[in-house]
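Visitor: Residue numbers (my numbering), protein chains in the order written: chain A, 1 to 512; chain B, 513 to 674; chain C, 675 to 708.
None of these hints come from the bench; they were simulated from the model. Everything numeric in this text was worked out from a predicted model, so none of it was measured. Errors might be hidden in some of the hints.
[Claimed, not checked] No farther apart than 16 angstroms at their CA atoms in a straight line, the calculated lysine to aspartate or glutamate pairs in the EDC-like style are these:
| # | chain 1 | residue 1 | chain 2 | residue 2 |
| --- | --- | --- | --- | --- |
| 1 | B | Lys611 | B | Glu556 |
| 2 | B | Lys621 | A | Asp314 |
| 3 | A | Lys382 | A | Asp349 |
| 4 | B | Lys611 | B | Glu638 |
| 5 | A | Lys407 | A | Asp349 |
| 6 | A | Lys280 | A | Glu412 |
| 7 | B | Lys602 | A | Asp314 |
| 8 | B | Lys611 | B | Asp595 |
| 9 | C | Lys681 | A | Glu194 |
[What the hints assert, rightly or not] Quick list of the computed label-pair ranges, beta carbon to beta carbon:
| # | chain 1 | residue 1 | chain 2 | residue 2 | range |
| --- | --- | --- | --- | --- | --- |
| 10 | A | Arg6 | C | Thr693 | 35 to 41 angstroms |
| 11 | B | Thr650 | A | Ala304 | 57 to 63 angstroms |
| 12 | A | Thr438 | B | Asn569 | 46 to 52 angstroms |
| 13 | B | Gly554 | A | Ile432 | 31 to 37 angstroms |
| 14 | A | Phe109 | B | Glu622 | 41 to 47 angstroms |
| 15 | B | Gln555 | A | Leu384 | 36 to 42 angstroms |
| 16 | B | Tyr668 | A | Lys511 | 50 to 56 angstroms |
| 17 | B | Ile647 | A | Lys511 | 43 to 49 angstroms |
| 18 | C | Arg708 | B | Gln555 | 55 to 61 angstroms |
| 19 | A | Lys284 | C | Lys679 | 19 to 25 angstroms |
| 20 | B | Gln555 | A | Ile432 | 29 to 35 angstroms |
C-beta atoms are modelled at their ideal positions from N, C-alpha and C, and glycine is treated no differently.
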Amino acid sequence: MSKLKRKTYSIGLISYYIGYIVLLVASLMIIPIITSILFLEWNPMLDFIISGAISLIIGVLLIMIGMSAKESKSNVQWKHGFAIAALSWIVLTVLCAIPYRLSGHTFSFLDACFDVMSGFTTTGLVLTQDLDHLSNGLNMWRHMLTFIGGQGMVVLVLTLLAKQIGGAYKMYVGEGKDIELVPNVKGTARHIWEISIVYLIIGTMALWIIGMLIGLNPISAFLHALYIFESSWSTGGFAPNTQNIMYYHSVLYETVAMAIFILGSLNFGLHYAIWQGKRKEIVKNIETQSFFATSFVACILALAGLAKLNVYPDAIAGFRRIIFNVLSAHTTTGFGNIYARQFALEWGDFGILIMVIVMLIGGSACSTAGGFKGLRVGIVFKGLIMDVKKLLSSERSMKVYKYHHIKDRILEDTLIKSSAIIICCYLVTFTIGTLLGTFYGYPISSAAFEYASVAGNVGLTIGVTIPSMPAAMKIFYIISMYLGRLEFLSVFALIGYIFGGVRKTCINILKH
Amino acid sequence: MHKYIKALIIMLLLTSPLSVTVKAESAIDINELIENAKELDGQEVEIQGEVIGESMNRGDYSWININDGTNAIGIWLKKSDADKVVHYGKYENIGDKVKITGTFYRACKEHGGESDVHSSSLKIAEDGYQVKEQIPVTKIVGSVILISLALLMLVYYSKNLK
Amino acid sequence: MEISKNKIMGIVFELIAATLYIGLLFVAAVMIMR
């Protein structure tokens, strides 16, 4: 096949699959439409009908463009998988921002895209204004996006379009989920959904009942339960309230949400193993060990540091305001039960620094959480110990070092290297992001806190993310949320692919 | 003599801004309250804002949340006071604007360290109302056009499949 | 989606584990913030 033909087929294939993903997400807009109809919210209903129609049109166009490529049965390669995962997020961000913009609650289309990307990446930073007067339709949409984004949109597609998708595995890995629950990827995707839906039912019911107990009326209790569950499980952090989770004034509500977001931040492979009866996995797994160690130490340090400053009056306040927020940050959820400015004004640099560190570490791999991921921290840590041991032991011993993650695995150098490289990528972007914040005049602790929240897809804010934030920062934050969620590789592959193509085209033009 | 009086007056004028302890004479923005949380902790404050969402009854007392445009905060008040509120803010609904006089707590011991206001008095400053939803004609026209286009494309696509 | 005994036990196990961890943290808070 000639080079030009192959290129055309590549673009066609990518276009085809993106088109399918777009159609799927467009069809999901029926949920907010129905919600709006139920509550007689006509403007939002039309907003979603318009957005749905536009998405449908674009989706069908993309599929038609790629039709011939698909039919020629070209192979879907790794580069396609990465490109599809990476590009579909961008296309979807723009399309899903339309209802936000039409609602009038965002100051610009950029702000709308920011919120959508924040939802998809389960970050949780918000530029949408006046959350307390948002329509049920739009609230349903926002929280849905974070739930779906948590699973991964590609995973969504894989589950439903099982037969039609070849090269599924490559798209799946492109999205940053590279664990095999089951030998085949479609089965894995299905299991991920199954786990999430089961918890959706249990969690929503629990929060609904508690909601009514604390004084909400049945309908709003249900809606809030659904929204808060979706936000907790996906470690997103959105809430239908300006005050976030403070609205409920309830330690019970907060604690149940906390249990949900802790479980939601765990690796799906772990859930699957436990559901199959392998309960020991929860203590043997390197990620749970890593999370337990780092989160426990962070909580102790935060409690001690803030106790020294006398910020909170007693243990219950310490539990609610310190433990909750530290865990919210560590699992990259982003529910906040103190005001943003209070982090800056009351917690002091030590507290803020602890938050920055746990936000960067993040949750588990192949989960809804962000950050470096406990797996990498664990691997690099064990790798360090391994190196020290090797140094100290005799040169003739050929010891094999292992770690446990669902099954026993060998601690190979390449693995340690790739984990360390990704951690470096996060640290580099973290440095750039913090620099950017300080460039625009924000104090270093605020710039670092906010950027750690962005890069780790956390969602807690120290007050930097507001509509009047410089557009350059908004754009950099959007890109960072995206990079963080897709774990750099897909996006780098995509960039490499695009630049490779551009370079080749330029060379071809110059040759002739 | 005049010089000394002038100097005294100027000194008083210069030092008075430094000695501001906010008293409950004029309403304070919620954001300002949070910014000065340490100074205002335990003080009587007056805030006003729109009641949003719904009241949450917890026995003799209830919670309401008010939003004054800068931020939103929880008000802990007697159930009888909470019941005075008729309209609550939500989509296409403007809640009653209330004036609350009460004690601000930066980290309320009674409520697990939350920043809240324990109301001593609630007054309804303005009644809330339901906003009649206005649908712009362009939206209706736009949606009709787009739906037709979308349907056309679907038909064309399914024809092509065969 | 089959409802197997292992699945239910698994869910209960996870919920208990999460609750225990939260409880542990609460105890830590009590101890530190006397």
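Visitor: Does each hint hold? Answer for all of them.
Guide: Here is what the structure says about each hint:
About 13 angstroms separates the Cα atoms of Lys611 of chain B and Glu556 of chain B, which keeps this hinted pair within 16 angstroms; it holds. A threshold of 16 angstroms between alpha carbons decides the hint, and for Lys621 of chain B with Asp314 of chain A the separation of about 7 angstroms falls inside it, so the pair holds. Restraint check for Lys382 of chain A and Asp349 of chain A: not satisfied, since their Cα atoms lie roughly 30 angstroms apart, outside the 16 angstroms limit. Among the hinted pairs, Lys611 of chain B with Glu638 of chain B is consistent with the structure: their alpha-carbon atoms are about 9 angstroms apart, no more than 16 angstroms.
Proximity of Lys407 of chain A to Asp349 of chain A is assessed by CA-CA distance (about 40 angstroms); at most 16 angstroms being required, the pair is judged violated. Between Lys280 of chain A and Glu412 of chain A, the direct Cα distance comes to roughly 24 angstroms. Violation of the 16 angstroms bound is thereby established for this hinted pair. Distance hint between Lys602 of chain B and Asp314 of chain A is unfulfilled; the C-alpha atoms sit about 35 angstroms from each other, more than 16 angstroms. Of the pairs offered as hints, the one joining Lys611 of chain B and Asp595 of chain B holds, with about 15 angstroms between alpha carbons and a cut-off of 16 angstroms not exceeded.
For the suggested pair Lys681 of chain C and Glu194 of chain A, the alpha carbons sit about 11 angstroms apart, so the restraint of at most 16 angstroms is met. For the hinted restraint 35 to 41 angstroms between Arg6 of chain A and Thr693 of chain C, the CB-CB distance of approximately 56 angstroms leaves it violated. Under the hint 57 to 63 angstroms, the C-beta atoms of Thr650 of chain B and Ala304 of chain A, about 59 angstroms apart, fit the expected range. At about 47 angstroms, the beta-carbon gap between Thr438 of chain A and Asn569 of chain B stays in the expected band of 46 to 52 angstroms.
The given range of 31 to 37 angstroms is broken by Gly554 of chain B and Ile432 of chain A, whose C-beta atoms sit roughly 43 angstroms from each other. A hinted range of 41 to 47 angstroms holds for the C-beta pair Phe109 of chain A and Glu622 of chain B, which are about 45 angstroms apart. Between Gln555 of chain B and Leu384 of chain A the beta carbon distance is about 52 angstroms. The supplied range of 36 to 42 angstroms is therefore violated. Checked against the given bound of 50 to 56 angstroms, the beta carbons of Tyr668 of chain B and Lys511 of chain A, roughly 39 angstroms apart, lie outside it.
The hinted window of 43 to 49 angstroms between Ile647 of chain B and Lys511 of chain A is violated, with their beta carbons roughly 58 angstroms apart. Remark: the range hint 55 to 61 angstroms for Arg708 of chain C to Gln555 of chain B is contradicted by a beta-carbon distance near 28 angstroms. With their beta carbons about 22 angstroms apart, Lys284 of chain A and Lys679 of chain C fall inside the hinted range of 19 to 25 angstroms. Look at Gln555 of chain B against Ile432 of chain A: about 43 angstroms separates their beta carbons, and that is not inside 29 to 35 angstroms.
When the structure is compared with the earlier hints, violations turn up for hints 3, 5, 6, 7, 10, 13, 15, 16, 17, 18, 20 and for no others.
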